[in-house]
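Counting from 1, one number per residue, gives the positions in the sequence shown under the working numbering.
Just to be clear, a hint being listed does not mean it is correct.
Mimicking DSBU-like on lysine-lysine, the simulated pairs with C-alpha atoms at most 30 angstroms apart in a straight line are [as the list claims (entries may be wrong)]:
1) LYS305 <-> LYS117
2) LYS117 <-> LYS183
3) LYS123 <-> LYS200
4) LYS58 <-> LYS305
5) LYS54 <-> LYS219
6) LYS54 <-> LYS242
7) LYS77 <-> LYS117
8) LYS198 <-> LYS63
9) LYS54 <-> LYS117
10) LYS234 <-> LYS129
11) LYS198 <-> LYS179
12) LYS200 <-> LYS183
13) LYS219 <-> LYS234
14) LYS179 <-> LYS219
15) LYS123 <-> LYS183
16) LYS234 <-> LYS198
17) LYS183 <-> LYS219
18) LYS200 <-> LYS242
19) LYS129 <-> LYS219
20) LYS183 <-> LYS85
21) LYS305 <-> LYS234
22) LYS242 <-> LYS129
23) LYS179 <-> LYS242
24) LYS117 <-> LYS200
25) LYS85 <-> LYS242
26) LYS262 <-> LYS234
27) LYS129 <-> LYS198
28) LYS198 <-> LYS219
Calculated directly from the structure, the hints in this document are not laboratory data.
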Amino acid sequence: MTLKKKVLSVSLSGLMALGAVTAVGMPAGAVGNGPGTGNGSIQTSILHTYDSLKEYLKTQDAKQEAMQLEVIGQTVKGRDIYMAKYISNPENPTILFLTQQHGNEQLTTEGAMEFIKHLGTGKTSGVLKDVNILVIPMLNADGAMGDVNFSLDDYLADGDRHLTRYNANRVDLNREHDKDTSKMEPEARALHENVFQKYKIDYMIDLHHQGTLSETEGKLVSGSILYPTNSNVKPEVLEKSKKLGSVVFNALHHTGWGHIGKYVGGTGENIGRNGAAVRYDISTLLFEMRGMSDHNYEPYALGQKSNGYLIKQTITTLDATVKAIADGSINSADTSFWDTLPEQTTRQNEEADE
1 MTLKKKVLSV
11 SLSGLMALGA
21 VTAVGMPAGA
31 VGNGPGTGNG
41 SIQTSILHTY
51 DSLKEYLKTQ
61 DAKQEAMQLE
71 VIGQTVKGRD
81 IYMAKYISNP
91 ENPTILFLTQ
101 QHGNEQLTTE
111 GAMEFIKHLG
121 TGKTSGVLKD
131 VNILVIPMLN
141 ADGAMGDVNF
151 SLDDYLADGD
161 RHLTRYNANR
171 VDLNREHDKD
181 TSKMEPEARA
191 LHENVFQKYK
201 IDYMIDLHHQ
211 GTLSETEGKL
221 VSGSILYPTN
231 SNVKPEVLEK
241 SKKLGSVVFN
251 ALHHTGWGHI
261 GKYVGGTGEN
271 IGRNGAAVRY
281 DISTLLFEMR
291 GMSDHNYEPY
301 ALGQKSNGYL
311 IKQTITTLDA
321 TVKAIADGSI
331 NSADTSFWDT
341 LPEQTTRQNE
351 EADE
């Protein structure tokens, strides 16, 4: 085994504050306790920038023998799109974790970064001999940095930048997945040509954020999940998708702070969870966490005091999933919970839009 390259000298003291909050236990009933717009600051300055994410990934790559950092393509504005990959055996089942197709949905990225660090520790690294892991922690870097070709003056967040759903060309990347790759936006094309078509991926969790007012049984959800719903998805791919959802649901349902609903989403093949399942037979799960990091519509943005449990929710999801795939327990996961999982509704007629 070759020695890893020398660890980069990067100051991360200011960046580790977000990771530290994930180690704190969340009290029962924490869901919904964080401030919404008008009842707490909507801040972007505490989130990783693209440059700080890049340095974080390079530092982890230098520290972790099992990790390889790959550039899968570039954004409209020329930013490299990074993927952390852990491939010990090509014959192992492979899972892809994808975040920030929408640039204003960043807390899942913060959780994915902490998860990558976990994979470099003795506590978690044992799974790597039995499962291959791909993590794309920021597909839409231009949108995440607010470096776009349209105005964001009406966006709500305070801080050094605004974050927007769209890429620099004002295109929703999660509506690109039914196109010929030559006609896709650069970010979506990179995902398809250099990830979906390059690696044999068995599972994918597509991590998003929704608005703040979704609920089931009169209680605000911490997030909602959904399997692919396009009619062209093969039955065996759909069944494995539902098992993936079972692992996630059961990891969160009994925490005291996680409250999961069934997302009400579209059937179009242009949506990531559907397109990946139809085109590549990848078993997929959409996870919509509560609240966005920035928006021009007040009920969608969530105050920063909710960040802790949402980051923790992401880490718990990713940890539980890789362990279930690694030990094979995902194969016997009980999918019957889907039959009774309440579909989320919305307060004040908020519209959900994955």
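Against the structure, the hints come out as follows:
With a C-alpha separation of about 23 angstroms, the suggested pair LYS305 and LYS117 falls inside the 30 angstroms cut-off, and the hint holds. In summary, the hint linking LYS117 to LYS183 is not supported, as the alpha carbons are separated by about 35 angstroms, beyond the 30 angstroms threshold. A C-alpha spacing of about 27 angstroms is found between LYS123 and LYS200, which places the hinted pair at or below 30 angstroms, so the restraint holds. Proposed proximity of LYS58 and LYS305 is supported: the alpha carbons are some 29 angstroms apart, at most 30 angstroms.
Using a Cα cut-off of 30 angstroms, the hinted pair LYS54 and LYS219 is violated, with the two alpha carbons roughly 37 angstroms apart. For a cut-off of 30 angstroms, the pair hint linking LYS54 to LYS242 is broken: about 33 angstroms separates their Cα positions. Simply put, LYS77 and LYS117 have alpha-carbon atoms about 28 angstroms apart, close enough for the 30 angstroms limit, and the pair holds. Distance hint between LYS198 and LYS63 is fulfilled; the C-alpha atoms sit about 26 angstroms from each other, no more than 30 angstroms.
Only pairs whose Cα atoms come within 30 angstroms are accepted, and LYS54 paired with LYS117 is accepted, the gap being roughly 14 angstroms. A C-alpha spacing of about 29 angstroms is found between LYS234 and LYS129, which places the hinted pair at or below 30 angstroms, so the restraint holds. Between LYS198 and LYS179, the direct Cα distance comes to roughly 18 angstroms. Compliance with the 30 angstroms bound is thereby established for this hinted pair. Simply put, LYS200 and LYS183 have alpha-carbon atoms about 23 angstroms apart, close enough for the 30 angstroms limit, and the pair holds.
Taking the CA atoms of LYS219 and LYS234, the gap is near 34 angstroms; set against the 30 angstroms cutoff, the hint is violated. For the proposed pair LYS179 and LYS219, the alpha carbon gap of about 38 angstroms is over 30 angstroms, so the pair is violated. For a cut-off of 30 angstroms, the pair hint linking LYS123 to LYS183 is broken: about 43 angstroms separates their Cα positions. For the hint pairing LYS234 with LYS198, the CA-to-CA distance comes to about 21 angstroms; that is within 30 angstroms, so the pair holds.
Simply put, LYS183 and LYS219 have alpha-carbon atoms about 42 angstroms apart, too far for the 30 angstroms limit, and the pair is violated. Distance hint between LYS200 and LYS242 is fulfilled; the C-alpha atoms sit about 19 angstroms from each other, no more than 30 angstroms. Annotation: proposed proximity of LYS129 to LYS219 is violated, straight-line Cα distance about 40 angstroms (limit 30 angstroms). Taken as a hint, the LYS183 and LYS85 pair is honoured in the structure, with Cα atoms around 27 angstroms apart against an allowance of 30 angstroms.
A threshold of 30 angstroms between alpha carbons decides the hint, and for LYS305 with LYS234 the separation of about 41 angstroms lies outside it, so the pair is violated. About 25 angstroms separates the Cα atoms of LYS242 and LYS129, which keeps this hinted pair within 30 angstroms; it holds. A threshold of 30 angstroms between alpha carbons decides the hint, and for LYS179 with LYS242 the separation of about 26 angstroms falls inside it, so the pair holds. At roughly 24 angstroms between alpha-carbon atoms, LYS117 and LYS200 fall within 30 angstroms of each other, so this suggested pair holds.
Annotation: proposed proximity of LYS85 to LYS242 holds, straight-line Cα distance about 25 angstroms (limit 30 angstroms). Our distance criterion of 30 angstroms between C-alpha atoms is met by LYS262 and LYS234, whose separation comes to about 21 angstroms. Between LYS129 and LYS198, the direct Cα distance comes to roughly 21 angstroms. Compliance with the 30 angstroms bound is thereby established for this hinted pair. For the hint pairing LYS198 with LYS219, the CA-to-CA distance comes to about 42 angstroms; that exceeds 30 angstroms, so the pair is violated.
When held up to the earlier numbered hints, the structure conflicts with 2, 5, 6, 13, 14, 15, 17, 19, 21 and 28 and fits the remainder.
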